[in-house]
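Now for the letters of each chain:
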Amino acid sequence: MKILNILLSAFRALQRNKMRSFLTMLGIIIGVAAVIAMLAIGQGAEYSVKQQISSLGTNVLIVFPGSQQQGGVRTGAGTMTTLTEEDAAAIQKECPAVAFVSPGARSGGQVIAGNLNWGTSIEGGSADYLEIRKWTIEYGEFFSDQDVKAASKVCVLGRTVADNLFPEGSPVGQNIRIRNVPFRVIGVLAKKGQNAMGQDQDDVILAPYTTVLRRLSHFPYLRQILISATSSSNINAAQAQITELLRMRHKIAQYDSDDFTIRNQTDLAATATATTEILTILLASIASVSLLVGGIGIMNIMLVSVTERTREIGIRMSVGARGRDILTQFLIEALVLSLLGGILGILLGVAGSSAISNLAKWPTIITAFSIVLSFGFSIAIGIFFGFYPARKAAMLNPIDALRYE
Amino acid sequence: MIGHRTPSSASSNGALIRIDHLTKIYPLGEVDVHALRGVTVEVHRGEFVAIMGASGSGKSTFMNILGCLDKPTKGSYILEDIDVSKLTRDELAHIRNSKIGFVFQGFNLLSRTSAIENVELPLLYCSMPNKERKERAIAALERVGLGDRVHHLPNQLSGGQQQRVAIARALVNDPSIVLADEPTGNLDSRTSVEVMGIFQELNNHGITVILVTHEPDVAQFTKRHIVFRDGKIRGDKVNGTPRIAAEVLRDLPVIDDEEEES
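Sequence order for the protein chains is L and Y. Start counting the first sequence at 34; every next residue gets the next number (our numbering). Start counting the second sequence at 194; every next residue gets the next number (our numbering).
Don't read these hints as lab results, they were simulated from the structure. Heads up, the beta-carbon is just placed ideally off N, CA and C, and yes, glycines get one too. Be a bit skeptical, because a hint or two may be false.
Stated by the list, open to error - Chain L is faced by these chain Y residues, among others (derived, beta-carbon under 10 Å):
1. Cys261
2. Arg289
3. Ile293
4. Leu302
5. Ser320
6. Asn323
Said to hold, decoys possible - When the alpha-carbon atoms are kept at most 27 Å apart in a straight line, the in silico DSSO-like pairs for lysine-lysine are as follows:
7. Lys35(L) x Lys267(Y)
8. Lys186(L) x Lys167(L)
9. Lys35(L) x Lys292(Y)
Full structure from sequences and hints, please.
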């Protein structure tokens, strides 16, 4: 029997029981739609996490001084006094994969402005600090290379600090005192919000690192060096160049370990992405359970249909249908059910996903992969659950089938 | 016609059907039911045979084996020089498709399927271009006088018309034999004669027809009577003077509903 004729007769058979065919398909429709919607939500979440991480700067590298080792006691990362301003200058000059360098210093303490005070941390950086952190000034201006060279006592306030010290009026041009050192406020940073760890990134004061080192911390070594690679794909090259340069500058013998540590954001990004991927898989597997239930629905209906149409099977066999003709016929019917269900399910899933992103404001992404996956899944279900009833029909004895009432 | 022949001697006479010592046993729980107890018979091309007998005589079992719907327990069945009793399920299906046409008591048409699609059914299982299939189906319907009912559904047709669709379906493949199992069982007497008329006409054109019936009236239209009893053939005689359906029909009074009531 030709495949086109089988398809035609399958459509006709399903048409005779429109309501039943639709209800059977509904299981597959809901299953496929759920898989598509869940994948869309999961992948949307994945995308927005990636976006947030790249807003931190995916091309950012941070060099920390290595841990100090004294007779077997290691005191933890960042305690060793190895990174100098000259190191930072050399990185800027000699590493071609490096775009910007901002030597880092940090201090903390009580900040006083008029009759208000606020405890916060003071970060030192170069004029390129904002460029590396992808941060902007809301009003006023940022300190210049000139300010850095001169170790000027100027600073820029984070949003939170500005709100607390200057609840009314602009802080720009005002003087504040940090641990009794007077600073002039020249700008306010744009709001950045919490970081991935939940810390308020706006609770900070930025000042030239030279000023922080000389006027506040009175400590000649750098806490860290903040570096941006020329692009996120160059991050490994930049890391290798910096490592080579610093090992040379610090005169580290070939087999000795580094006296510094370089970290980058891609590690963090990888972790966060892995987490959301697990979420996506979880959502999709829950949804695929409903697809499975839909498949069982198809099997159930096909079994009923085989019983109901036993006489028809007998007639077909008596005029020369072989077992495999009957098998194909019922298998195709199951396939048509699951395929139609799959197509309608994809449409519903796409519509549902866009409804979710419109109503709940969740980002959803529908990929070709998820459509191909759920479509393939529904075909597989049609074959898998259609096979048993079809085989049952094909194995019928022609006389018994003809006599069946 | 009954005789104990060896297959080799029988093959020379060109019989369409040669059945030799056929037995069929149905295992039914602990007892075996002997439906056929050694049947030997030959049917030649162009015969018109009635197989008669009371219910339980084995005639339906015999018919099922003749139609390749069932396999004998023992014995041989040779149809056009093919030993059908040794074939597989699929090979039997092919024989049914190419050599046998069935007509059943209950018509056995596919419901909600038009006359032409019912007639086309056997042709769907042998590869044939769609156009030729349609043409042959229409030709078969015209042959049974239903050329104007091609697209009617079974429930739009009378019993006699439905049986004629079934006969068209049996003919569409140019079978070697047409097997009819109580073809008039569900029809009134006038329609029965009409249907027998169609069989007679087909037989006059050389088609071999074997029909099962328990009505002697129906058997009168055939040329040979084989009588079954208790799984064996108890009588086999030629009917030299079959009734002609066309003549009977002409003499049959048209039943008037009013006359019936009064």
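Structure-based check of all given hints:
1. Because the beta carbon of Cys261(Y) sits about 9 Å from the nearest beta carbon in chain L, less than 10 Å, this interface hint is met.
2. Against a cut-off of 10 Å between C-beta atoms, the interface hint on Arg289(Y) holds, since the closest Cβ of chain L lies about 5 Å away.
3. This hint holds: Ile293(Y) has a C-beta 8 Å from the nearest C-beta of chain L, less than the 10 Å allowed.
4. Interface hint status for Leu302(Y): upheld, as the beta-carbon distance to the closest one in chain L is roughly 8 Å, under 10 Å.
5. Contact between Ser320(Y) and chain L, as hinted, is supported at the beta carbon level, the nearest pair being about 7 Å apart and thus within 10 Å.
6. Checking Asn323(Y) against chain L by beta carbon gives a least distance of about 8 Å; that is within 10 Å, so the hint holds.
7. Taking the CA atoms of Lys35(L) and Lys267(Y), the gap is about 37 Å. The hint is violated against a cut of 27 Å.
8. The suggested pairing of Lys186(L) with Lys167(L) holds, with an alpha-carbon distance near 24 Å, which does not exceed 27 Å.
9. About 21 Å separates the Cα atoms of Lys35(L) and Lys292(Y), which keeps this hinted pair within 27 Å; it holds.
Violated hints amount to a single one, hint 7; each of the other numbered hints is respected by the structure.
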